[in-house]
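Sequences are here, hints too, so could you generate the full structure?
The residues making up each chain are set out below.
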Amino acid sequence: MADLTASLAGLTLPNPLMTASGCAANGKELHRFFDISRLGAFVTKTVMAAPRSGRGTPRMAETPSGMLNSIGLQGPGIDAFADEDLPWLASVGARVLVSIAGGTPAEFAQVATRLLASPAVTAIAGLEVNISCPNVASRGQVFAIDPHASAQVVAAVREAVPIHLPVFAKLSPDVTDLVTVAAACLGAGADGLTLINTTLGMVIDTDRMRPHLGGITGGLSGPAIRPIAVRAIWQVRSAMFAERLPTAPIIGVGGVASGRDALELAAAGASAIQVGTATFHDPQAPAHVLDELALLLDARGYAAFADVVAAAHPERKHP
Amino acid sequence: MADLTASLAGLTLPNPLMTASGCAANGKELHRFFDISRLGAFVTKTVMAAPRSGRGTPRMAETPSGMLNSIGLQGPGIDAFADEDLPWLASVGARVLVSIAGGTPAEFAQVATRLLASPAVTAIAGLEVNISCPNVASRGQVFAIDPHASAQVVAAVREAVPIHLPVFAKLSPDVTDLVTVAAACLGAGADGLTLINTTLGMVIDTDRMRPHLGGITGGLSGPAIRPIAVRAIWQVRSAMFAERLPTAPIIGVGGVASGRDALELAAAGASAIQVGTATFHDPQAPAHVLDELALLLDARGYAAFADVVAAAHPERKHP
Amino acid sequence: MSKVAHEVARVLSSEPAGAYRHLVLAAPTIAAYAAPGQFVAATVGGPTSGMLLRRSFSIHAADPAVGTVEIVVAAHAAGTTWITQRRPGDEVDLVGPLGRPFPVPVRPGPDGRTSAVLVGGGYGSAPLFWLARVLRAQGTHVEIVLGAASADRLFGVDLASAVADAVAVTTDDGSAGTRGWVSDVLPEVLTRSGASDVYACGPMAMLKAVTDAAAAAGAIAHVAVEEAMACGVGVCMTCVMPVVGADGRTRMVRSCLDGPVFEGSRVRWDAFGDGLCRVPDDAVGAPQVGGH
Amino acid sequence: MSKVAHEVARVLSSEPAGAYRHLVLAAPTIAAYAAPGQFVAATVGGPTSGMLLRRSFSIHAADPAVGTVEIVVAAHAAGTTWITQRRPGDEVDLVGPLGRPFPVPVRPGPDGRTSAVLVGGGYGSAPLFWLARVLRAQGTHVEIVLGAASADRLFGVDLASAVADAVAVTTDDGSAGTRGWVSDVLPEVLTRSGASDVYACGPMAMLKAVTDAAAAAGAIAHVAVEEAMACGVGVCMTCVMPVVGADGRTRMVRSCLDGPVFEGSRVRWDAFGDGLCRVPDDAVGAPQVGGH
Ligand SMILES: Cc1cc2nc3c(=O)[nH]c(=O)nc-3n(C[C@H](O)[C@H](O)[C@H](O)COP(=O)(O)OP(=O)(O)OC[C@H]3O[C@@H](n4cnc5c(N)ncnc54)[C@H](O)[C@@H]3O)c2cc1C
Ligand SMILES: Cc1cc2nc3c(=O)[nH]c(=O)nc-3n(C[C@H](O)[C@H](O)[C@H](O)COP(=O)(O)OP(=O)(O)OC[C@H]3O[C@@H](n4cnc5c(N)ncnc54)[C@H](O)[C@@H]3O)c2cc1C
Ligand SMILES: Cc1cc2nc3c(=O)[nH]c(=O)nc-3n(C[C@H](O)[C@H](O)[C@H](O)COP(=O)(O)O)c2cc1C
Ligand SMILES: Cc1cc2nc3c(=O)[nH]c(=O)nc-3n(C[C@H](O)[C@H](O)[C@H](O)COP(=O)(O)O)c2cc1C
Ligand code: FES
Ligand code: FES
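Protein chains in written order, with our numbering: chain A, 623 to 941; chain B, 623 to 941; chain C, 606 to 897; chain D, 606 to 897.
I should point out that these hints are in silico values taken from the structure, not numbers from a laboratory. Bear in mind that the values here come from a model prediction, so they are computed numbers and not experimental data. Where a beta carbon is used, it is the ideal one built from N, C-alpha and C, also for glycine. Don't take each hint at face value.
One side only, chain D facing chain B, incomplete, derived with CB under 10 Å [stated by the list, open to error]:
(1) His611
(2) Val840
(3) Thr843
(4) Val845
(5) Leu881
(6) Cys882
(7) Gly890
Computed Cβ-Cβ distance ranges for the label pairs, DEER-style [unchecked claim]:
(8) B/Pro709 <-> D/Ala754: 28 to 36 Å
(9) D/Ala820 <-> B/Pro709: 35 to 43 Å
(10) B/Pro709 <-> D/Ala742: 37 to 45 Å
(11) A/Arg922 <-> C/Glu868: 53 to 61 Å
(12) B/Arg761 <-> D/Asp757: 47 to 55 Å
(13) D/Ala683 <-> B/Pro636: 38 to 46 Å
Now the stretches of chain D that chain B is said to cover, found in silico as 3 or more residues with beta-carbon under 8 Å [unchecked claim]:
(14) 830 to 836
(15) 856 to 870
As structure tokens, then:
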């Protein structure tokens, strides 16, 4: 049985499998299907300072091997999250990667600070900073497309939380130069990166001849975008090998639905793997992917998950 | 029976359906399956100055509802194209949109100039400038990610060909700000835009633990990316309505496999529609999409294809 | 949250039923947990499918003794068409039972007996016959009103009389029963039966009309909605709709988890229109002007 | 380019054949046009499939009189597995016949008769029995050599003796015939039969070995390759391989259109290795150092 331990930025997890933010709510719902403490970590729905209703509906459209969503970051706000959701997650023994967002760097810091006051603060394994959310200062453009704005957010969060808590910046693939954004985030103190958030897409309702989603455009996710996720992870990892970026762990996410898919993202350079949209197809998907990955590693004779991380890079094979 | 005429940049085509560059070779092969002169236009495989072998293999991988390719612009070179392929296309009565590329703006112009010396020059309906090809001056980065480099290419081609031949710039979706690239191309004299080329992706061969493609990364295409194409067309068309861009025709391409899909791209703002990867699934796909689109327009009571172009934009509904 | 199972069900039978298809599935765990008003969510298209999301179907009947769950399916687009093409022996991956069941009536009438009217539009009637049996077994007087566009789009007219004390049928085109809508006959049925509770499942416009008719008659409407759902299990937040809570405040709640059955009077019908649902300005966390 | 059709074929039968599945399909137009060595390309996964690309299969037999085309399929991954699961009455969308057929031998031996050896590896033998019948019908002496990893991976041993003058069988594990590879027995067969032409279909390494053995024996090798194909009809340029043309120059040619049958001596075997195929430096339009 291969050693599944995942090490990322000082964090040691029993295995590399995680839920993806916004695809597993805050745990209770999936816990009916499998014990969520089995996962390396549980990633929560992005939380902001105040409660949010999210957008009107339709909020989703199915697309070929994927889906489009525009939820609009619906959530209970950080107070309810810190006082109710996080303690529940702690009660079942989950290691929690808390996803946070804000409309300004200060709101990000405020959310992070408030989180630390939760009675369940010890359940927090780290923070995932969702910079794919609208930046109030730039007429609603998301932070993630601007290296400078992204860095400001990361710096604000890094300052707000103790150094032992790793901070991961979650990047958008919708940029000309991903490595520059990654560099900005790592430079501002991010301990690692999560790649990728959804890519911007749109579906038109051809019966009504109007955008299908209430929010017009939405985020495309699912197996359809897996090649984009693999490419993004590969590019950033290659830049680390080439020393254009400091070496830091990458959490891979995008279209993973099987153990083979998880292995693919790991081989591209991911030290941990999140399962998002596949959970809508199979509520046990994160657990199933974990089991399949373990079997695959054994079948191929790997002693440890760590051995496959970035294994498809020639630099890793012939250092 | 709806009037299918497509008008773009002074060009009038009997219908809006086209092949997509690189997905239909140069006509002979598909002509075994349907009369290619039925299509509004036939778009040829991108041709460069010299013959090119393209890349080693594997050159493709199937992905969920899509595929990845890295052909490497294999082709016979402009001499053979102008003297053999174009005359054949002319002989069957095809209206030809010739896709051209080069490693420098000068090579683009050279290819365009040589084209004009073809005995079949009258079959040329227009030029499609494929700027998603490596720019020799910037260490192999493609022109399409840089507004300035893109504009240089377009200007060089525009200067090389007579004004009655429309020039379309084919853009890549892999940029932070598509509208800026579109603006640069239109500003440099492009008569219209083709949206979108493939998006950069990657597949890892998890048996061999290395990139699946000989070329490492490749272009993702097929229905998986249709929401990205629709979004790109919508964004650029919206910018035209908002007068952030001059109004110009858009040729839509990306994941079209049915009449409904064609209608979707048209409603987003496309004045003509190309069918690419779907042709690998069904060699008659461009003709089938045309027939389905015609039936759909009739079923919904549209008098003309022109009525559905950009019809999902509120500005079009309530001008 | 109630008990839920994930199991691969075998199709035992699939029979045409007017414009629909009636499937009996072997799904013993789901059958054991299910109550009327709950639904199941099925994957569609098989192992190489390009369709990722589950499709939801009301449970028409569940028999814990034999381990079967029944559904009635209208071929709407590709996913439901695939379901209607399953044949005995084929497998369907199911999650269920999902959502909250219909509550039972708790306000007996002057005769000491509870009384209910069940209203179904199209295949929306599917869950009502089982509900009728449960209600009658506990002594409730049950009347059923079925409506559809045309006779072939009615489901269960034959089943209704066996499980209800009275049955009324309407069709838009008059091809069966009274020509018109269920809302045309409902007020009279409510007055006559003196029902305290109305149960309805069908299109949104019908549910609103039923809610209005119930209010006019002093009855409580329990409506089972059908919002587009990506996951069915409460994790995606796509199926939300504005509902007034016990504290009087409107929230965008998940219809797969807090529904599909809601008290009609709590649904913010004013937010729905033209195939869209807006977030009411007074909803908790609603976007502020100039805000998100 | 020869005649080609696009038709929806009905499965007439599907029978196990060792590790493979043998399908008989009603495809009258394809059957009418086909010749040995050509192939068909099938869509996989049905109307809602997430797999877009066609899968290619050598034509095992085609009978224009009854309108059937036969294929032999190994379940490799999802697409081929789907094909092996088709049952009589199911439909398969086919394009074919594709590619160039095997050429006939043109150099008679001292006895005035042409002589050929047909070599099949695994399911690669599928197209050879039809070829054998055609060659024998025109007077060619035919011997067949079949090889595979193990007995269950041999195809057509029973068919071979009916259509060939002699048959040799090898398996890697010795579970049938001689233990070893076809290339171990081939030199002897070639010498004995004095064949002018060798026809081979199977894995790349085998095709190279056959080419070498043929050269050593002064025979011409005709090899049918299996490169990964996206379209099968010549429009995608994914199936290319380096082949030396009549002018002595190497080009990356489409194996779906110019192949799948090539003269073994023209294939640039040196470019293949480790699952990859490089572009030889001397190929027409090959990347220059510092160039593209
Ligand atoms: C609680 C509930 C109970 C239902 N009960 C039944 C029933 O008993 N019988 C029946 O025939 N149908 C029922 N439906 C509707 C059924 O789920 C949809 O018709 C079906 O999802 C459409 O799938 P499709 O592939 O045919 O359509 P598509 O339009 O291709 O579906 C695309 C996507 O939209 C979603 N979607 C589209 N329409 C609906 C809808 N009306 N409701 C939910 N999701 C939708 C699908 O789940 C899918 O993700 C029910 C829906 C819900 C929510
Ligand atoms: C000319 C020709 C004749 C063939 N004849 C037969 C035959 O008679 N019987 C048989 O069982 N198989 C045959 N094959 C191989 C068969 O086409 C592949 O096994 C099949 O395409 C794999 O599909 P999959 O979905 O199982 O695998 P996947 O690996 O999922 O396929 C993914 C993609 O790669 C392509 N691909 C993968 N392997 C191959 C391959 N070896 N050849 C071509 N494309 C491939 C597929 O077409 C598909 O696009 C032939 C291939 C060619 C080119
Ligand atoms: C319905 C839905 C809601 C999401 N919500 C969030 C979110 O709140 N925060 C976030 O960082 N990512 C969110 N995502 C993005 C996912 O976490 C993930 O990055 C993306 O979906 C790609 O992974 P997948 O293909 O496995 O789904 C959401 C995705 C979906 C489909
Ligand atoms: C195999 C293949 C080869 C291609 N070659 C070219 C090319 O030479 N020039 C070009 O502009 N686009 C090329 N494309 C991109 C297509 O023209 C099209 O823009 C893209 O595939 C999206 O459309 P689709 O989803 O309909 O295929 C190629 C695409 C594929 C799949
Ligand atoms: S359908 Fe996913 S939360 Fe309701
Ligand atoms: S498979 Fe497409 S060109 Fe050969």
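Structure-based check of each hint:
Among the interface hints, the one on histidine 611 of chain D holds; its C-beta lies about 6 Å from the nearest C-beta in chain B, closer than the 10 Å criterion. About 4 Å separates the beta-carbon of valine 840 of chain D from the nearest beta-carbon of chain B, less than 10 Å, and the hint is met. Checking threonine 843 of chain D against chain B by beta carbon gives a least distance of about 4 Å; that is within 10 Å, so the hint holds. Among the interface hints, the one on valine 845 of chain D holds; its C-beta lies about 6 Å from the nearest C-beta in chain B, closer than the 10 Å criterion.
With a cut of 10 Å, the hint placing leucine 881 of chain D at the interface with chain B holds, because the nearest CB-to-CB distance is about 6 Å. Taken as an interface hint, cysteine 882 of chain D checks out: its beta carbon lies about 4 Å from the nearest beta carbon of chain B, inside 10 Å. Contact between glycine 890 of chain D and chain B, as hinted, is supported at the beta carbon level, the nearest pair being about 4 Å apart and thus within 10 Å. Between proline 709 of chain B and alanine 754 of chain D the C-beta distance comes to about 51 Å, which lies outside the given range of 28 to 36 Å.
In this structure the supplied range 35 to 43 Å holds for alanine 820 of chain D paired with proline 709 of chain B, their Cβ-Cβ distance being about 40 Å. Range check, proline 709 of chain B to alanine 742 of chain D: Cβ separation about 42 Å, and the 37 to 45 Å hint holds. Range check, arginine 922 of chain A to glutamate 868 of chain C: about 55 Å between beta-carbon atoms, so the 53 to 61 Å window is met. Range check, arginine 761 of chain B to aspartate 757 of chain D: about 53 Å between beta-carbon atoms, so the 47 to 55 Å window is met.
The hinted range of 38 to 46 Å is satisfied by alanine 683 of chain D and proline 636 of chain B, whose Cβ atoms lie roughly 40 Å apart. Check on the segment 830 to 836 of chain D: 4 of its residues sit with their Cβ under 8 Å from a Cβ of chain B, so the three-residue criterion for coverage holds. With 3 residues bearing a CB less than 8 Å from a CB of chain B, the segment 856 to 870 of chain D meets the requirement of three and the coverage assertion stands.
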